[in-house]
Amino acid sequence: MAVTLQPVSENKIGVLGLGRLGSAIVNQIAASSQLDAEFSCWDCAPELEKAELIGFQITHGLSCRSQQEIGKSIFLIEQERVKSWLSNKELVIVTGSCAGGFAGGFMTELAQMAKHDGVSLIAYPVMPFAFEGRKTMDAAKLCLGRLREFSLAAATLELDDYLERIPETTPATEAIDLCVADMTHAIDTLLQLILREGLFAFNIEILKNTFNLGIDKSILLCKTAKPEEAVEDVVNALVEQADAKLPDRELTIDRLMITVLGDDNLSLSDVNQINEKISERFGNPDKSHFGACIDSRMSGLKLIVYACIGLGDQFELGAISEEKSNEAPVKTVARKASRKTKPKKRRTSRAKIKDDQGLFDIIMSESNRGYFEDTDLNLIDGEDMDVPTYLRRGLRIKT
Amino acid sequence: MAGSKIIGALEIGTSKISVLVAEVIDAYRLNIIGRATVANTGIKKGRIEDPRAVSRCLHEAIAEAEKVSGINLKSIYLSISGSHLQGRKQIGKAQISHMAKLVTEHDVNRANEEAKRHAIDEGRVYVQFMRNPYLIDGSPVDEPYSCKGSEIQANYWAVDADEGILKEPIQVINSFMVKVDEIFLGSIASAQSVATDDEKAAGLLVIDIGAGTTDYVLYHDRYVLQTGVFDIGGDHITNDLSIAFRIAWESAENIKIQHGKAIASGTSSEDWVWMMGDLSIGDRKLPLRSIQRIINSRLEELFMMVRRSVIDVIEQQDMQCKVVLCGGVTNMTSIETLASNVLKMPVTVGRNPDWLIPELQKPELSTVVGLLQFAFADASGDIKDEPKSKGGLLGKVSSFLTR
Ligand SMILES: Nc1nc2c(ncn2[C@@H]2O[C@H](COP(=O)(O)OP(=O)(O)OP(=O)(O)O)[C@@H](O)[C@H]2O)c(=O)[nH]1
Ligand SMILES: Nc1ncnc2c1ncn2[C@@H]1O[C@H](COP(=O)(O)OP(=O)(O)OP(=O)(O)O)[C@@H](O)[C@H]1O
Ligand SMILES: [Mg+2]
Ligand SMILES: [Mg+2]
Numbered sequence: 001m002a003v004t005l006q007p008v009s010e011n012k013i014g015v016l017g018l019g020r021l022g023s024a025i026v027n028q029i030a031a032s033s034q035l036d037a038e039f040s041c042w043d044c045a046p047e048l049e050k051a052e053l054i055g056f057q058i059t060h061g062l063s064c065r066s067q068q069e070i071g072k073s074i075f076l077i078e079q080e081r082v083k084s085w086l087s088n089k090e091l092v093i094v095t096g097s098c099a100g101g102f103a104g105g106f107m108t109e110l111a112q113m114a115k116h117d118g119v120s121l122i123a124y125p126v127m128p129f130a131f132e133g134r135k136t137m138d139a140a141k142l143c144l145g146r147l148r149e150f151s152l153a154a155a156t157l158e159l160d161d162y163l164e165r166i167p168e169t170t171p172a173t174e175a176i177d178l179c180v181a182d183m184t185h186a187i188d189t190l191l192q193l194i195l196r197e198g199l200f201a202f203n204i205e206i207l208k209n210t211f212n213l214g215i216d217k218s219i220l221l222c223k224t225a226k227p228e229e230a231v232e233d234v235v236n237a238l239v240e241q242a243d244a245k246l247p248d249r250e251l252t253i254d255r256l257m258i259t260v261l262g263d264d265n266l267s268l269s270d271v272n273q274i275n276e277k278i279s280e281r282f283g284n285p286d287k288s289h290f291g292a293c294i295d296s297r298m299s300g301l302k303l304i305v306y307a308c309i310g311l312g313d314q315f316e317l318g319a320i321s322e323e324k325s326n327e328a329p330v331k332t333v334a335r336k337a338s339r340k341t342k343p344k345k346r347r348t349s350r351a352k353i354k355d356d357q358g359l360f361d362i363i364m365s366e367s368n369r370g371y372f373e374d375t376d377l378n379l380i381d382g383e384d385m386d387v388p389t390y391l392r393r394g395l396r397i398k399t
Numbered sequence: 001m002a003g004s005k006i007i008g009a010l011e012i013g014t015s016k017i018s019v020l021v022a023e024v025i026d027a028y029r030l031n032i033i034g035r036a037t038v039a040n041t042g043i044k045k046g047r048i049e050d051p052r053a054v055s056r057c058l059h060e061a062i063a064e065a066e067k068v069s070g071i072n073l074k075s076i077y078l079s080i081s082g083s084h085l086q087g088r089k090q091i092g093k094a095q096i097s098h099m100a101k102l103v104t105e106h107d108v109n110r111a112n113e114e115a116k117r118h119a120i121d122e123g124r125v126y127v128q129f130m131r132n133p134y135l136i137d138g139s140p141v142d143e144p145y146s147c148k149g150s151e152i153q154a155n156y157w158a159v160d161a162d163e164g165i166l167k168e169p170i171q172v173i174n175s176f177m178v179k180v181d182e183i184f185l186g187s188i189a190s191a192q193s194v195a196t197d198d199e200k201a202a203g204l205l206v207i208d209i210g211a212g213t214t215d216y217v218l219y220h221d222r223y224v225l226q227t228g229v230f231d232i233g234g235d236h237i238t239n240d241l242s243i244a245f246r247i248a249w250e251s252a253e254n255i256k257i258q259h260g261k262a263i264a265s266g267t268s269s270e271d272w273v274w275m276m277g278d279l280s281i282g283d284r285k286l287p288l289r290s291i292q293r294i295i296n297s298r299l300e301e302l303f304m305m306v307r308r309s310v311i312d313v314i315e316q317q318d319m320q321c322k323v324v325l326c327g328g329v330t331n332m333t334s335i336e337t338l339a340s341n342v343l344k345m346p347v348t349v350g351r352n353p354d355w356l357i358p359e360l361q362k363p364e365l366s367t368v369v370g371l372l373q374f375a376f377a378d379a380s381g382d383i384k385d386e387p388k389s390k391g392g393l394l395g396k397v398s399s400f401l402t403r
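If you read the protein sequences in the order shown, they are chains A and B.
Residue numbering for the first sequence follows the working numbering, beginning at 1 and increasing consecutively.
Residue numbering for the second sequence follows the working numbering, beginning at 1 and increasing consecutively.
Simulated from the structure, these hints should not be mistaken for lab results.
Please read all numbers here as calculations on a predicted model, not as lab measurements.
Don't be surprised by glycine CBs; every beta carbon is placed ideally from N, CA and C.
It cannot be assumed that every hint is accurate.
As the list claims (entries may be wrong) - Calculated lysine to aspartate or glutamate pairs in the EDC-like style (CA-CA distance at most 16 Å, straight line): (1) K167(B) / D50(B); (2) K322(B) / D198(B); (3) K89(B) / D197(B); (4) K344(B) / E158(A); (5) K398(A) / D50(B); (6) K226(A) / E174(A); (7) K44(B) / E90(A); (8) K285(B) / E270(B); (9) K44(B) / D177(A); (10) K44(B) / E229(A); (11) K398(A) / D270(A); (12) K322(B) / E168(B); (13) K398(A) / D271(B); (14) K12(A) / E90(A); (15) K179(B) / E168(B); (16) K74(B) / E64(B); (17) K277(A) / E240(A); (18) K141(A) / E164(A).
Claimed, not checked - Some chain B residues well away from chain A (every beta-carbon gap over 12 Å; in silico): (19) A100; (20) D142; (21) N239; (22) R246; (23) A252; (24) R289; (25) I294; (26) L299; (27) E300; (28) E301; (29) M304.
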């Protein structure tokens, strides 16, 4: 069964940067992005050009690093302001340093409040350099643990990874710049997918898996197609990309998730047709997740495909939520003509998103049963029929 | 049969309890003398969750029917539903023993017994065996006696039930000193009211969409080929709306009934529906198109599920199947259009027999009307001992109740 979230309306997404580092990131996104989300910061240095400043950091940049009680107290003092900022949001993306005294403390409290208020929150925390010392690192890890507990997903970048990329003689701040650039790119991509491609409206599983498995294990593609050709197109593109990623191995698809995105003319039976074809092609249908979105802003039909490949034993890892973990993995797709296509070079500058396991246990599935909450599950072909059809199908509904 | 007899029919539906009381005069005339429909609580998806609440509603319904008819109700025919009812094909074979290879009663009985003897899981009981054509050396025959051949095969569509769940309503009924004479699958009772024998002969799928369950039955050559129940109904539509717009159950139900449409066409994104008097949030407007999309996706899925369950049999029999809809959800605007788009068969909304008063013509009363027809037929001895259309199981009910 696909666990689906309610679609997010454009103007109900808030992107919030906390502290010096977080603010720098969000300010950059605000400057470069043309997306219609609300960009805000909470910082000591109000030299922001694009993002709106919603709060001052009481530490005034004095750096209370790793003393997260301070961030927490600020949160307590500012609670009302934060609450009202949250009140008109459906999704919040928050970033900042896990090690910052302000950002680290504030971020966990914010995540907790968001969870309580039913606002989905995705965290993009940055982990400190190891050279900042054990105490800092421990505080950061504590922060990350709590974030995982309260947020929908937490995808980290580690500053140490960036140290390796710069010459030893250059100052560490250059690593920070690289990290800021990558984080900007990662958040912007996510926003694009949510706002432009209806990703979030479709399936939180995609997010989970993207975050969890790392970019080298997953293929995310977006194809514009006619219904008749859609399936073939997808198969070819999958094979091509898999070739590029794992050139020497037989292609196995361990998970497959497909969103059909269409204009107002997209009907459930079109979707079912594509679904059937894909199931025919890839076998066992409940191994693949399938969803659809109607988006009146677009015209024609688009398929967003997310596949995990070559996971092998790793398939069992926490990447897959519990209810899914006992599925039999792996189906093999015959490699055909597309062998000839040249493998593409992987982009190395892309952010490496860490494997985070077992963080997503708070995701709503039970709570979507409403009136049927206390009754037995109404399972048919692995789907709980008591959950609204439009949610399970990921139909984007204006409410 | 001389003189008169009192018969009763009862549906304990998810949303309402309906009782009919009638007098059968001189075996041929049916006089409906009492009726009551009372809103029901305590049931979700056809299953009793709160026996006391159901008991209160049932008391009200029986009391009203008794008051109107001036009669003390002693026994009723009852319809049953819920996905715990499971049907499957069962066959039994016997070698034809006669020297001239003519089928005798003995062979038929042996084949029948064999077919009905299949082991059943613990905690489950058979509720209905529906006979299908016999096969003599592989060819179907309606009447096996004196046919020639070497092997006879009896075929049944057999339905069994969870004994515990089946007992729940019967116990509530018995507590009012009312006996259950017969039980029928809800789908078969409804079909009795909305379909003619000719339609059942030509190939017919009857779908009863109630508040908590959707019951269907497939006929061909007047035989029941298949039955099924999904625990999905109008309550699911209400729940979907209530979740989508975060509105109270009652508001969602009202909006469904007033503005619901099975097909979301002809509505612009500028059409709004005002929701008044929902105290929790005050007056508020909702996008009509979203309402219709939510309903449409639910019903489309439901019809697709029905189609998937029956399509193999329909194709195998190579029949021209038509569809008749009944149950309360059938009141939804343009439901037949959606059903025929999805099922890819001609669809009509069922009508209860013309001779009934208008109040009893409603599609949500098909089940109880059909039950009454079965009771009438049994009482007047009109329906002969014809296994394919007679489905009640008096013996079974009483025997497992006295345990
Ligand atoms: N050493 C160093 N680290 C930096 C710098 N900028 C960001 N960082 C990283 O960011 C962390 C501090 O995060 P900030 O965003 O400054 O912290 P804050 O949330 O503003 O909270 P304060 O600790 O009160 O300043 C450090 O632990 C480093 O990992 C910098 O210029 N120098
Ligand atoms: N005009 C209408 N439009 C849509 N739905 C309707 C309309 N009128 C009634 N309904 C729905 O029909 C359902 C009731 O149908 P019905 O009376 O056949 O069910 P029931 O017999 O109580 O339940 P079940 O047989 O499933 O246990 C309710 O969900 C009700 O909301
Ligand atoms: Mg009913
Ligand atoms: Mg019903």
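Hint check:
1. K167(B) / D50(B): With Cα atoms ~14 Å apart, K167(B) and D50(B) stay inside 16 Å; holds.
2. K322(B) / D198(B): The given pair, whose Cα atoms are some 12 Å apart, holds under the 16 Å limit.
3. K89(B) / D197(B): At roughly 22 Å apart (the allowed maximum being 16 Å), D197(B) and K89(B) break the hint.
4. K344(B) / E158(A): 57 Å, violated
5. K398(A) / D50(B): 36 Å, violated
6. K226(A) / E174(A): 46 Å, violated
7. K44(B) / E90(A): 31 Å, violated
8. K285(B) / E270(B): 11 Å, holds
9. K44(B) / D177(A): Violated, at roughly 58 Å.
10. K44(B) / E229(A): Violated - the C-alpha atoms of E229(A) and K44(B) are around 44 Å apart, more than 16 Å.
11. K398(A) / D270(A): Not satisfied, since the Cα-Cα distance of roughly 21 Å exceeds 16 Å.
12. K322(B) / E168(B): 35 Å, violated
13. K398(A) / D271(B): 12 Å, holds
14. K12(A) / E90(A): Between K12(A) and E90(A) the Cα gap is close to 5 Å, so the pair holds against 16 Å.
15. K179(B) / E168(B): OK: K179(B) and E168(B) at ~14 Å, within 16 Å.
16. K74(B) / E64(B): Holds. K74(B) to E64(B) sits at ~14 Å (cutoff 16 Å).
17. K277(A) / E240(A): Distance ~20 Å between K277(A) and E240(A) Cα, so the pair is violated.
18. K141(A) / E164(A): 21 Å, violated
19. A100: 51 Å, holds
20. D142: 36 Å, holds
21. N239: 4 Å, violated
22. R246: Answer for R246(B): violated, closest chain A Cβ roughly 8 Å.
23. A252: The claim breaks: A252(B) does not keep its Cβ more than 12 Å from every Cβ of chain A (closest is about 9 Å).
24. R289: 7 Å, violated
25. I294: 5 Å, violated
26. L299: 9 Å, violated
27. E300: 5 Å, violated
28. E301: Answer for E301(B): violated, closest chain A Cβ roughly 5 Å.
29. M304: 7 Å, violated
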